[in-house]
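Residue numbers (this note's numbering), protein chains in the order written: chain A, 1 to 483; chain B, 484 to 930.
Calculated from the structure, these hints are not laboratory results. Keep in mind that a hint or two might mislead.
[Unchecked claim] Each computed DSSO-like pair below joins lysine-lysine, with the alpha-carbon atoms no more than 30 Å apart: (1) B:Lys879 / A:Lys396; (2) A:Lys138 / B:Lys544; (3) A:Lys153 / B:Lys571; (4) A:Lys341 / A:Lys94.
[Said to hold, decoys possible] According to the in silico footprint, chain A covers these stretches of chain B (three or more CB under 8 Å from chain A): (5) 610–616; (6) 732–744; (7) 854–863.
[To be verified] Selected chain A positions facing chain B (Cβ under 8 Å, derived; list incomplete): (8) Asp46; (9) Ile48; (10) Gln79; (11) Val185.
Quick caveat: nothing in here was measured; it's all calculated off a predicted structure. Idealized CB from N, CA, C, for every residue including glycine.
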Amino acid sequence: MQTLMNRALDLAQSAGAQYADIRVVENCTESTHVKNGVVESLNFSDSIGFGIRVLVNGAWGFASSRELTAEEIDRVSKQALEIALASALVSGEKVDLGPPVSSQGTYATPVTIDPFTISVEDRLGVLLVADAEMARVKGVRVRQGNLVLIREKKWFANTESAFTEQTIIETGGGIVVTAVGDSEVQTRSYPNSFGRQQVTGGWEMMLQWDLPGNAERIANEAVELLTADSCPADTTTTVILAGDQLALQVHESCGHPIELDRVFGSEAAYAGTSFLTQEKLGNFRYGSELVNITADSVSPYGLGTFGWDDEGVEAQSAPIVREGNFVGYLMSRETASRLGKVSNGCMRASSWNRIPLIRMTNVSLEPGEWELQDLIADTEEGIYMATNRSWSIDDKRYNFQFGTEIGWEIKNGTLGRMLRNCTYTGITPEFWYGCDAVCNKKHWNMWGTPNCGKGQPSQIAHTGHGAAPARFRNVRVGVYKQE
Amino acid sequence: MLGQKESKKICEDVLLRAKNDAAEVILSFEDQSLTRFANNYIHQNVAQRNVTLMVRLLLGKKMGLATTNRLGGHGLDILVERARANAKISPEDPDYPGLPEFAQYVAVDAFDQATAGYSPQQRAKAVGTACRLTGEKKLNGSGLFSTGTNEIVVANTLGLFGYHSSTNGDFQIVVTAEDASGREQGSGWRVSDIPTESLTRAALQKAEDGTNPRQIDPGEYGVVLTPYATEDLLTMLNYYGMGAQAVLEGRSWMNDRMGEKVMSELVTIRDDGLEPEGVPMPFDFEGVPKQRVEVVKRGVVHGPVYDRITAQKMGKTTTGHALPPTMRSLGPIATNLFMSPGKTSTEAMIRSTERGLYISRFWYTRLVHPRDCVITGMTRDGVFFIENGELAYPVKDLRFTQSYVEALAKVETVGEETRLLTSEFGGQATRAPALKISEFSFTGLTA
Chain A
1 MQTLMNRALD
11 LAQSAGAQYA
21 DIRVVENCTE
31 STHVKNGVVE
41 SLNFSDSIGF
51 GIRVLVNGAW
61 GFASSRELTA
71 EEIDRVSKQA
81 LEIALASALV
91 SGEKVDLGPP
101 VSSQGTYATP
111 VTIDPFTISV
121 EDRLGVLLVA
131 DAEMARVKGV
141 RVRQGNLVLI
151 REKKWFANTE
161 SAFTEQTIIE
171 TGGGIVVTAV
181 GDSEVQTRSY
191 PNSFGRQQVT
201 GGWEMMLQWD
211 LPGNAERIAN
221 EAVELLTADS
231 CPADTTTTVI
241 LAGDQLALQV
251 HESCGHPIEL
261 DRVFGSEAAY
271 AGTSFLTQEK
281 LGNFRYGSEL
291 VNITADSVSP
301 YGLGTFGWDD
311 EGVEAQSAPI
321 VREGNFVGYL
331 MSRETASRLG
341 KVSNGCMRAS
351 SWNRIPLIRM
361 TNVSLEPGEW
371 ELQDLIADTE
381 EGIYMATNRS
391 WSIDDKRYNF
401 QFGTEIGWEI
411 KNGTLGRMLR
421 NCTYTGITPE
431 FWYGCDAVCN
441 KKHWNMWGTP
451 NCGKGQPSQI
461 AHTGHGAAPA
471 RFRNVRVGVY
481 KQE
Chain B
484 MLGQKESKKI
494 CEDVLLRAKN
504 DAAEVILSFE
514 DQSLTRFANN
524 YIHQNVAQRN
534 VTLMVRLLLG
544 KKMGLATTNR
554 LGGHGLDILV
564 ERARANAKIS
574 PEDPDYPGLP
584 EFAQYVAVDA
594 FDQATAGYSP
604 QQRAKAVGTA
614 CRLTGEKKLN
624 GSGLFSTGTN
634 EIVVANTLGL
644 FGYHSSTNGD
654 FQIVVTAEDA
664 SGREQGSGWR
674 VSDIPTESLT
684 RAALQKAEDG
694 TNPRQIDPGE
704 YGVVLTPYAT
714 EDLLTMLNYY
724 GMGAQAVLEG
734 RSWMNDRMGE
744 KVMSELVTIR
754 DDGLEPEGVP
764 MPFDFEGVPK
774 QRVEVVKRGV
784 VHGPVYDRIT
794 AQKMGKTTTG
804 HALPPTMRSL
814 GPIATNLFMS
824 PGKTSTEAMI
834 RSTERGLYIS
844 RFWYTRLVHP
854 RDCVITGMTR
864 DGVFFIENGE
874 LAYPVKDLRF
884 TQSYVEALAK
894 VETVGEETRL
904 LTSEFGGQAT
914 RAPALKISEF
924 SFTGLTA
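Using the sequences provided together with the hints, build the complete structure.
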């Protein structure tokens with residue numbers, strides 16, 4: 001492997017590249033989807049390929065292929081060089097990567113139970129038992145179960161003598177149930193939205209999630225939601241967000257605007273830019289003093305946890321918001337050097353055929369002091385909202401609107417009637433200023449977002465977000481008016 | 484490219500390994516290049532080449548899947564054995580109707596040699612012109628220019644064999660001023676159909692016209708939508724209800740509306756896989772020939788598109804809209820969608836509007852509630868207040884929360900020109916006109 005990789009680097013250097021790197025990625029994904037008791041998809045997928053990135057005359061070129069042969073390495077290296085020369089025809093400032101990166105070593109996701117050692121029968125069994133539990137509830141229309149196991153081996157080398165080898169293992173699973181009534185459709189998911197919760201880790205997490213043990217509960221909730229009262233229409237109130245919803249709130253309203261490539265305009269035509277412009281770094285109040293947000297690639301179970309990023313920069317932890325103040329970006333080598341800083345290791349590519357982009361690692365809200373029970377008891381009036389159903393945010397990450405699968409009214413410190421079709425909307429810093437309580441570590445969980453889109457051609461990243469329930473004051477809810 | 488002969492040989496090699504078992508193979512080849520620019524220069528420039536093989540192997544009604552891009556060595560042996568192993572473990576699937584039989588296809592023209600051979604230098608030249616034009620105006624140009632070649636092959640052990648090759652091109656540009664932006668996009672399977680320079684000039688003009696936007700109150704406004712905004716309406720209605728699976732599961736906007744007139748009689752929507760004015764493909768991912776489907780005709784809901792599984796369950800005939808088996812839970816969707824044009828120019832739509840908003844584009848649209856296809860999202864890249872038949876002044880972006888079904892019920896006029904656009908998700912093609920809608924619900928402001 002290393003011989004082939006060095007061949008690409010040598011070829012690039014001898015052709016005049018100031019810098020080159022190569023990634024070889026071998027991915028094995030086993031996925032299972034069960035719907036209404038039928039195993040609709042039992043798939044084994046594997047792929048391998050390499051991507052070569054070169055810097056020539058201060059401009060980038062990248063080419064990739066699935067064929068890992070010396071001949072193809074030569075062809076693709078030359079193609080990357082040709083592309084870089086074309087880039088140089090319409091170039092900006094010469095790229096400066098800052099200090100060299102010469103990381104060496106191996107990394108593997110720590111797992112207690114290797115998920116690939118679990119027989120397919122046993123994996124299917126979990127989903128089929130959960131399906132049977134959901135089927136016991138009258139009024140349920142669609143029952144779904146998902147399992148995803150990923151083992152990705154990645155080799156990285158660059159012309160600065162870095163060589164790393166990593167094996168990342170992800171385990172994902174979840175159940176979703178849909179109930180249909182007169183002109184009403186309601187869905188409940190467990191443990192997370194959109195089909196599954198996902199972590200870097202092993203089968204031990206599947207056991208912990210206990211899909212069968214939660215199946216009947218969410219099925220009952222979906223049916224109950226059909227006739228639940230609607231979220232109050234267009235009013236301002238206090239909202240407590242459950243950890244699963246707050247994780248996506250952090251992802252969208254903090255994780256994306258701190259991507260430094262967005263700040264520099266690299267994503268202006270597609271994903272957008274950021275309201276957290278350069279002059280705000282160290283000089284902007286992002287939220288209340290209870291808001292502490294950290295980006296790290298070292299937390300157990302985080303989907304952003306690894307040994308090195310796709311530029312060979314070592315995994316680390318970086319403060320983003322401290323006591324409400326905005327103090328840090330997610331950076332690459334190139335963007336960090338423009339700020340006179342060094343990369344904090346956030347360059348990630350979704351596969352061998354994509355270039356690394358600045359992506360979230362594990363962007364998490366640090367836990368606070370509250371017990372959830374005490375927090376609810378301390379809330380005179382409001383809504384407790386859980387599990388994301390809908391999310392939308394503007395191209396600067398300023399105006400957002402979320403919907404949740406379920407909500408409960410809070411009255412005089414107790415959870416009351418169930419509410420359906422809950423939505424809330426706000427402006428990012430105003431919303432985070434309104435945060436006046438965060439629950440403690442006991443309620444904090446590392447949530448996985450395995451569907452983060454960015455870049456052209458499109459890349460889907462897997463990101464982690466630690467969050468515990470938190471309370472927000474003066475939130476506009478019920479944007480979606482209902483009969 | 485692999486070509487028909489080579490790809491047929493690969494598929495036969497796979498199917499031979501199935502021995503006496505029923506099997507289906509989908510081969511997908513892609514050779515794609517994309518030049519991306521921002522701040523008036525090329526900052527990302529990439530290429531990829533890949534071949535993917537997906538096998539569905541059947542042991543009676545038990546089904547297993549396997550996918551790989553390893554064609555050499557024992558790659559094909561391992562692929563088929565993994566599909567077989569998965570089939571052995573799977574319970575019987577009562578819903579799967581079995582493999583489709585041999586079919587003949589209408590040849591559709593979707594391959595252009597000039598597009599297939601388009602070089603990084605050619606893309607850089609067009610991007611260079613765009614960046615020069617924006618730079619001359621002291622504005623900021625960002626976007627992409629992509630070109631590529633695809634081959635898709637479906638074959639099975641009943642003798643079915645479908646081969647389709649196509650090319651694609653896409654140019655997108657966003658021109659940004661200090662407080663405004665304008666965007667244009669051109670897509671097609673012939674790169675020569677994409678007028679990159681005039682698109683750039685149009686985006687430039689919109690950015691210049693959009694400076695000093697005013698803030699207006701959210702509320703109900705009449706709107707004139709460009710084809711970009713209309714495309715979002717059609718794409719969302721497609722994803723959330725034009726497929727039979729959504730109807731079957733009771734989550735489609737078509738549920739309880741079949742045969743009813745729920746949209747303006749000016750609204751006619753069809754899917755036609757063979758129509759070269761879109762991005763045609765003669766068969767679906769099971770190898771079933773694509774049929775033309777009237778989804779909405781003069782405002783009346785006619786029905787969804789079907790694959791073989793949903794057709795069998797619902798007592799219908801497949802319309803050739805199956806997705807690959809790994810995406811089965813989504814069910815069938817339309818892939819070459821057309822909204823019929825009207826007879827009105829966009830200028831005439833604006834002239835006939837006393838008070839309303841001209842919307843260039845929607846952004847980050849997401850489903851809020853399925854049965855009425857209620858969507859929330861933002862405006863982006865140019866909103867203008869229309870007053871007394873003229874674009875009076877630019878306004879700041881707004882959030883909307885609106886049923887797309889109700890929006891199409893309130894269509895007053897349909898544009899005479901259509902624009903072909905490919906979706907960011909999965910490459911579905913939509914040819915959409917401008918629309919004038921009497922009422923649209925804006926629910927929030929942004930900075």
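Status of each hint after checking the structure:
Under the criterion of a C-alpha separation no larger than 30 Å, the hint pairing Lys879 (chain B) with Lys396 (chain A) is consistent with the structure, at around 13 Å. Distance restraint check for Lys138 (chain A) and Lys544 (chain B): the Cα-Cα separation of roughly 28 Å lies within the 30 Å cut-off, and the hinted pair is therefore satisfied. With a CA separation close to 28 Å, the supplied pair Lys153 (chain A) and Lys571 (chain B) stays within the 30 Å bound. Between the alpha carbons of Lys341 (chain A) and Lys94 (chain A) the distance comes to roughly 17 Å, so the proposed pair stays at or under 30 Å and holds.
Using a Cβ-Cβ cut-off of 8 Å, 3 residues of the region 610–616 of chain B lie near chain A, which meets the minimum of three, so the contact claim holds. With 4 residues having a beta carbon nearer than 8 Å to a beta carbon of chain A, the region 732–744 of chain B meets the requirement of three or more and the stated coverage holds. Proximity of the region 854–863 of chain B to chain A, defined as three or more residues with a beta carbon under 8 Å from a beta carbon of that chain, is established by the 6 residues found. The restraint placing Asp46 (chain A) at the interface with chain B holds, with a minimum CB-CB distance near 5 Å, inside the 8 Å limit.
At its closest, the beta carbon of Ile48 (chain A) sits 6 Å from a beta carbon of chain B; the interface hint therefore holds under the 8 Å criterion. Annotation: Gln79 (chain A) was flagged as interfacial toward chain B, and the flag holds, the nearest CB pair being 6 Å apart, inside 8 Å. The restraint placing Val185 (chain A) at the interface with chain B holds, with a minimum CB-CB distance near 5 Å, inside the 8 Å limit.
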